[in-house]
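For the sequence shown, UniProt numbering assigns the number 1 to the initial residue and increments by one for each residue that follows.
If you are wondering where the hints come from, they were derived from the structure by calculation, not from laboratory data. For every residue, glycine included, the Cβ atom is placed at its ideal position computed from N, Cα and C. Certain hints may be false.
Below, a list of computed lysine-lysine pairs in the DSS-like style, where the Cα atoms sit at most 30 Å apart [claimed, not checked]: (1) K3 with K59; (2) K59 with K6; (3) K59 with K283.
Distance windows between CB atoms, simulated [as the list claims (entries may be wrong)]: (4) E221 with L31: 30 to 40 Å; (5) S7 with L281: 31 to 41 Å; (6) D171 with E234: 16 to 26 Å; (7) G159 with P188: 33 to 43 Å; (8) R217 with H42: 23 to 33 Å; (9) K3 with W198: 34 to 44 Å; (10) A5 with H194: 31 to 41 Å; (11) E221 with Q63: 44 to 54 Å.
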Amino acid sequence: MTKPAKSLDEQTLLINEIFYSVQGESTYAGLPCVFVRLRGCHLRCAYCDTEYAFHEGEKQSLQAIIDEVESVSATNPSPPGGGGPRSGSEGDVGVVMAAGDEDQSEPNSAPTALTPSLSRGERGLNQTQSSCDLVEITGGEPLLQRNVHPLMTALCDAGKTVLIETSGACDISVCDPRVIRIMDLKTPGSGEAHRNDWNNIAHLNERDEVKFVLTSRGDYEWMVKQLEEHRLHERVNAVLVSAVHKVEPGKEIAGCLGLSITELAGWLLQDRLPVRLQTQLHKLIWDPSARGV
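Sequences are here, hints too, so could you generate the full structure?
Shown next, in the form of structure tokens:
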């Protein structure tokens, strides 16, 4: 006998933080967005800027998450990076209490992608007292928790434009077809390029986006090779390229010195690659170390 499907109140996820801010990356950069950051990641990229998501998080039901997504942008929230802490913290916005481990096994079922609809978000004036229509699921690695799939489906059913930012190390084919997948292909400089699941490329579509985070000229040349071999720019809406912020010798993280964005821009102009240079807009607006932005 088939077990009845669990309700949204019965299904849970480990959540690191939920906050309302300006989307800092992707083709949606600059738009108001609600972020749902899940706890846990199986990768350890050399330049990771969200290590706090590895272990910090509290268990919440899917219904509670959806309710918070609806309310966080509709109740005149505090400015990102400057509001009050979530329960279980005493300082940084979005810090949450540690919780027991949630099921982080690979998902094994699911559904490719809704045409991004920005009209409601851009109308603006009639959204003053309503919730934000753009939601990004991020991490950590959000696809490690199987219940992320019913969450994304429920958000899509509620009329949200849902983005998921994921590494290239988890199966993206199981995402709801309406979800826009932003896949980060890990470069050699990340220390995790061997974890890329190259089968994912066949599942990308014209609504998805691929991201490369570059640490060096070697990473750049590796990216060019992937563009040529997989014709990524012909598969997806945009290929996004950014540079790990360059630091002084002696201040590198795991041997990563980073790359000058000016130098990267010069290479892209010279080679005329079919990619989009991007920065992390939120780090230009607020303190680069701020959380909840």
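Structure-based check of all given hints:
no. : hint                       : in the structure
1   : K3 with K59                : 23 Å, holds
2   : K59 with K6                : 16 Å, holds
3   : K59 with K283              : 28 Å, holds
4   : E221 with L31: 30 to 40 Å  : 33 Å, holds
5   : S7 with L281: 31 to 41 Å   : 38 Å, holds
6   : D171 with E234: 16 to 26 Å : 22 Å, holds
7   : G159 with P188: 33 to 43 Å : 41 Å, holds
8   : R217 with H42: 23 to 33 Å  : 28 Å, holds
9   : K3 with W198: 34 to 44 Å   : 35 Å, holds
10  : A5 with H194: 31 to 41 Å   : 37 Å, holds
11  : E221 with Q63: 44 to 54 Å  : 48 Å, holds
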